[in-house]
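Go ahead and model the full structure; you've got the sequences and the hints to work with.
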Amino acid sequence: METYRKPLIVGNKTLKDVTDDIASLVETPPGLGWLTMILGSSSVFLFYIIVIGIIVGTGMGLMGVSHPVGWGTDIVTFVFWVGIGHAGTLISAVLYLFRQKWRTSIARSAEAMTVFAVATAGIFPIIHTGRPWLAFWLFPYPNQRGPLWVNFRSPLVWDVFAISTYATVSVTFWYVGMVPDLATLRDRAKGLRRLIYGVFSLGWRGRARDWGHYEMVYLLLAGLSTPLVLSVHSIVSFDFAVAQLPGWHTTIFPPYFVAGAIFSGFAMVVTLMTLVRIAVPEFKKYITIDHMELMNKVIMTTGMIVGYAYGSEFFIAWYSGSKYEVYAFVNRAIGPYWWAYWTMITCNVVIPQIFWFRWARRSIPTMFVVSIFVNIGMWFERYVITVTSLHRDFLPANWGMFDMTFYDFGVLIGSFGMFFTLFLLYIRAIPAIAIAEIKPVLGFGKGDHNGGHHG
Amino acid sequence: MAKVGGVMGIWLTEDSILAVAEKVKNAGYHKFDAITPYPVHGMEDACGLERSWIPWVTFFAGLTGCLFGLWFTWWTSAVNWPINVGGKPMWSLPAFVPVIFELTILFAALASVGALFAACGLPRVDPPVVDPDLTSHKFGLIIYESDSKYNSNDIEAMFKQSGADAVHKVSEY
Amino acid sequence: MQTDVNENSSTPKYWLSLEQWRNDEGFKELAQREFLSSPLAEDNKTPAGGWARREFLQLMGASLALSTFGCVRRPVEKIVPYAKRPKEIIPGLPNYYASTFVDGYDVVGTVVRTREGRPIKIEGNEFYPGSGEGLSARGQAQILSLYDPDRLTGPVQNLVNAKRTNKDTVSTNWVKAESALKAALGEGGVYVLSSSNPSPTSRSIIEKFVAQGKGKYFEFDILDRSTFINSQGRVTGTEIMPSFDLSAADVIVGIDADYLGTGVASTAHQRAFALRRDPGGSMNHVIQFESMMTLTGTNADERYAIKPSEQLAIALKLAESICIQMGVSFPFAWREIYGSFNDTIKGFPFAKKLNSIAEKLVKAKGKSLVITGAEASMTQNQSAVYDVVNFINGVLGNDGKTVKYSNSVSSVRGSVASLNELISLMNQELVKTLIIHNSNPLYTLPEASGFRSALAKVKTVFYTGDRVNETGIGSNYIIPDHHPLEKWMDVENISGVLSLSQPTIQPLYDTKAFEDILLQTLGSTQTWNQTVKASTLAKVGGSEKSWVQFLQKGVYGTVENSPKSGRSYNGSPLKIRLDEAADFELVLYTTVGIKDGTLANVSWLQEFPDPITKICWDNYLCISPKTALDSGLNEGDVVALTSNGITLDVPVHIQPGLNDRVLALALGYGQKAAGKVANDIGVNAYQFAAIEKDQIIYSGMNAKFKKTGQQIALANVQGHHSMEGRQIVVEATLKDILEDPQAGQHKHKVFSLWSEHKYLGHKWGMAVDLSKCNGCGACMIACQAENNIPVVGKRHVLNGREMSWIRIDRYYTGTPENPDVVYQPLMCMHCDNAPCETVCPVLATVHSDEGTNDMVYNRCVGTRYCANNCPYKVRRFNWFNYSKVSNPLKMVLNPEVTVRSRGVMEKCTFCVQRVKAKKTEVKLADRKLQDQEIKTACQQTCAAEALVFGDLNDPSSEVSKMQRSLRSYSLLEELAVMPAVKYMSKVRNVSQLKGADNHKKGGHH
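Residue numbers (our numbering), protein chains in the order written: chain F, 1 to 455; chain V, 1 to 173; chain W, 1 to 1005.
Since the hints were derived computationally from the structure, they do not count as laboratory data.
No false leads were mixed into what you were given.
Distance condition first, Cα-Cα at most 25 Å in a straight line; then the derived DMTMM-like pairs of lysine to aspartate or glutamate:
no.: 1; chain 1: W; residue 1: K360; chain 2: W; residue 2: D736
no.: 2; chain 1: F; residue 1: K13; chain 2: V; residue 2: D133
no.: 3; chain 1: F; residue 1: K16; chain 2: V; residue 2: D165
Given below as structure tokens:
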């Protein structure tokens, strides 16, 4: 095994090199590229905040949502970001359980992406409500209004629990993984930086018994995150599946949504990693073309799973014999929103097929473009599910259309501003690659006697 | 805990630190510990540490979370405020499963991390620093003065001849 | 200070505001006014009518507050509350006063509900003959016109130029205005123009006044019926508008008649009509020839799309074959004309049908009816058509049976002749002073009528309107009359039946009853109120007691049935004018909501979707699908429409069931000075009308149109117009229903996985009989008035954001050329397994133990999940803060119903406030709740009695009976949501359904 496997890190790095390489990004002042990026994204972020302010101040009516299409851009984009949020945990937890050592060099950033994506997603369910200032009512807390609790039958309450649990656990997971690296930075730093990293590294010392517990907890968290990550998007899919609306009321949704989440998540990771490789050339040694290729394989596979789901939806609709179901799906494909549907199919099913070719899997520009298309396609998937099902349901008299307004585009674009701002700040503040996790897979200073363990 | 000092040697490779750990253990020392920048495979055996007890915490915390969720959903919707929602039974267990599940995970995860903190004595604001590179590329091994066989000179000698890069006398670690 | 406050016994012991606590002068005045105030306060000479307005301002400010604290206001001079209601105002309890709603020729007895002196809702008066508790959408909406912010708050004067076109308006006072009038009276040449005046007393006063002023009193209605009355004279010898008894007619043939929608006494007709649409009883057979799709046409069993120029041919053909079958001689004088129509008649797609229709009429002779008279029938040959139709009724012996001459509609008085007489008098400068009352001629009369130019020759023009509208601009003095709800008025609509309007509120503004002004100017000592009482007292029995009873009942006299057969027609030749066929004939019609354009500034009516087109906030040119195809026009394309030498730009609406040669445009729109709501909405179709010597022409004018390339989005509240073969409205023929009451229904097996909740005590439910519902939409406005439902405006309606809690879905079945139409009122179904409840995260919508689906506004966070999950999509969301209502509009709000804030969901509550009120009443009286004691607003106003609300746990209740009927089905039954509302299938008295394919037993689920 070992002998056939290519080294995960290239360029015969010593332990010190590794530390220096990764830490340098945090320790040296930012370059022009980073500055321009942060400037751009943070100004979009600001715009986002203003748009939200206006919407909350005036009323949901500013957005395109109407009767009968009660959910629009907000929910679509919420599901989109939550989906993105899944790849991180998946890479760090599931691949960890499967002992996929190649994950190590991307795990940290993937987790960061998860945390930021979930944070971005979290905004939407709040601002999409009519009275956002009361959104906290969705939490069951003891109150003086007499017995007054939440409705545990409502998928939205499940969401509240799923999303908040997921956010909490993945932040914890991320942070625990970070502690030793923060300690490393602490020991390299002076003055204020030392103090700050000192605080956040919690006084980590790296004694053998510490590592013992540490690895155990890391394993446990991985084990817990795995069912969690699967449950979260299943529950998000329940928002739709539990409703009786034709086009939503589908049992295939949980697996289909999870696959879609992995799909879009990996696409986003590829997008970010290509950018990181450009921003920090030194990282090419750690995030190698092989890593990228592996992710592209995952993208293609999940892409085909999603494609299968699209197909089976139609079969089930026909097989159900319910004229409402049949109409809902026919209307998707050839109704007024055909363009959305076929954009989705093209981006999610057709384009990723290019990864059958090795050169495509290994060409940075190609995979970048494909990953962008997949992101677009996955946004449209949620658009198709939400809007086309709602706009024509049981009683034809209710049928209507959904048109996005300035504010819809505002929140959609703005959310990217928020996401990238957070991610760029992260790159500069935290080691973008898990130092302590990379070193074991370095194969440095080990005799052959224990090499086998790393197979 | 009371400050306990000792003698610490510094090595430069993973293999040597493993070897030294074995040696120290075989030499009959009990109160010693290895300090590494990353989890070194096989170090537990080398130092003769037993398996971490944290999984038990995780299990029972998870169980608590599950039972709490079960009780809470039942009490709120069937006892404290029973109300006809969509004609469904007051205690609609299937609909409550997602919430119960999430609570299970949440309790388990947070408890485990709490246990980790407890086990490693975190957080700690002023950890002693012997050599900053211990968190980067050097490996250390300390024998505490509380060890019955403790004798600084013998230990220093032992470390030296087992190729220590440096040997420090530390007041605490 | 303190003492004289205490003297006022009715001052509350506790204080509500600092002003009150400080015994602030202003507040005391306010308080006292409040306690003194009564609709009649202005009647006792002290204090002078002047303070009415001050009082209003205070009332306005305080009304809502006052309704909450120890408010013991009591009328000083009693006006007698409605019999079944408490005699005194009790705070928090509504008071009811009998009144009358006069809407052109649709006069309906009403009951006005007031709260703490504020009228908040109008309902039908069950004692009123014909219409009963039924009330039209316009009747419901009248309440809002009382609080119209654009009303004048006092008399104003116009400094007019020679052409009477300036808008230089200065406020004046009554003294000036009245002295001007007095002067004019002395000068002589005083004329009065008004629409048909249904008040005998008012008429006599005006007559007296013009006599004094050596002038004359003219009555004229823009929706003229005089030609029909004249025809009656020619045919039957008596020039009256007969009343039609639809309940006695087995076969009804309409030729451009709209007796259900906008015609004479339409509300009463709706009730009578519905009685005969019950497949259980003897169902009538309704045939309609019409050139515009009307409410009546959509409810007909057979409907034929014609063009106006074909009316006469059809009428003659029917007359001829009826004569043959009855063995009566066909009038000789008509032979020639009839002959000239031979080819036309042969050309009819329904040529063969005409004979069988005649047969049906003959078979039902004496129990049949032929009606015409809608605006669409007012062609240049209207008199001829009317003659023939009246003749047919005579031949069929319907006179005195279905066509009643006793109890004729005596309120129809205006005539075109009198208008023309007035115009010529004005042109001869014989008219020194013209008083225009209850009429807006400068808006309605086309320029060609020459009224405007004639008016320029009049020295002084007084206008009694309540706003500076087109006529207001053209007059010297505007002396605003009271709103009908602020004014005494005796009404004799059906001869022999007397009804009354009582003032239900202290006049809001500095207005004066028109008649009061006249009396004052004549130097009479009596006030208008006293005069009304005096003149009416005699008629109702003379004694004070009978007067009180009259006030309580609101109506006096009954419809006695003395059959009077008309003599047969003397056969004088028809006066007709035949032009060469036009490629397009223009039809100007009136809609159920806007009608002639009065009440156009009532936002409820502007946002009231037309029952047929479902479009609101506009008028539009209806063209047939084929015409649209041929001329490449899409919905909303703007065309330049030319007729009678006038061209206007109008958007087109593609109307199925319209004759390919017909263009139809609604009247009553395009007002320039009606107010903030109505101004510049649509175009003024009156411009296309032609006023001739003795008739107005609204129909059959030669017209053409040109595409302009512009587009106007028409606010259509309905997304799609076909049922797509789904089981939504179940239709069946009478034959099938008699064989199998479930005809057309596809039943599903519905079962539950868990044990259902039990509903002990009441379980509220509703039944909707689709055979009775005629789609008029009165329920929508009734609901709006009862439940404080906001208006959102065209832009948001376009976005699907109208707020109506009950809507009426209208579907077409069959071919676009000549479809059948079905209506389906849709409100919250209050499902036992409500999908909306399950998904609400915060339990803001939950089920009550009386089976209703309750909405908890202040718990709602606004996720809108419930709306998404509602299969009927009856939930409405407050996208903005619609509830912000300015004075005086907020005075119409029903204090019993929460005003919803921004961001919360709302929907039909089954009028829970009415249920609760009645339950309390029953509890206090310690008796059992009777069936039909609680009526929801929609049910109450429905003249057709198609909606029935009640207790499903009471097996004897009307609603359980209806729901048990095999004709009943639940909408979307297969979803197992168990709606508490059930529909009864729509039955048509035909052999074959047009949409038959839609109603094949649906696939198996």
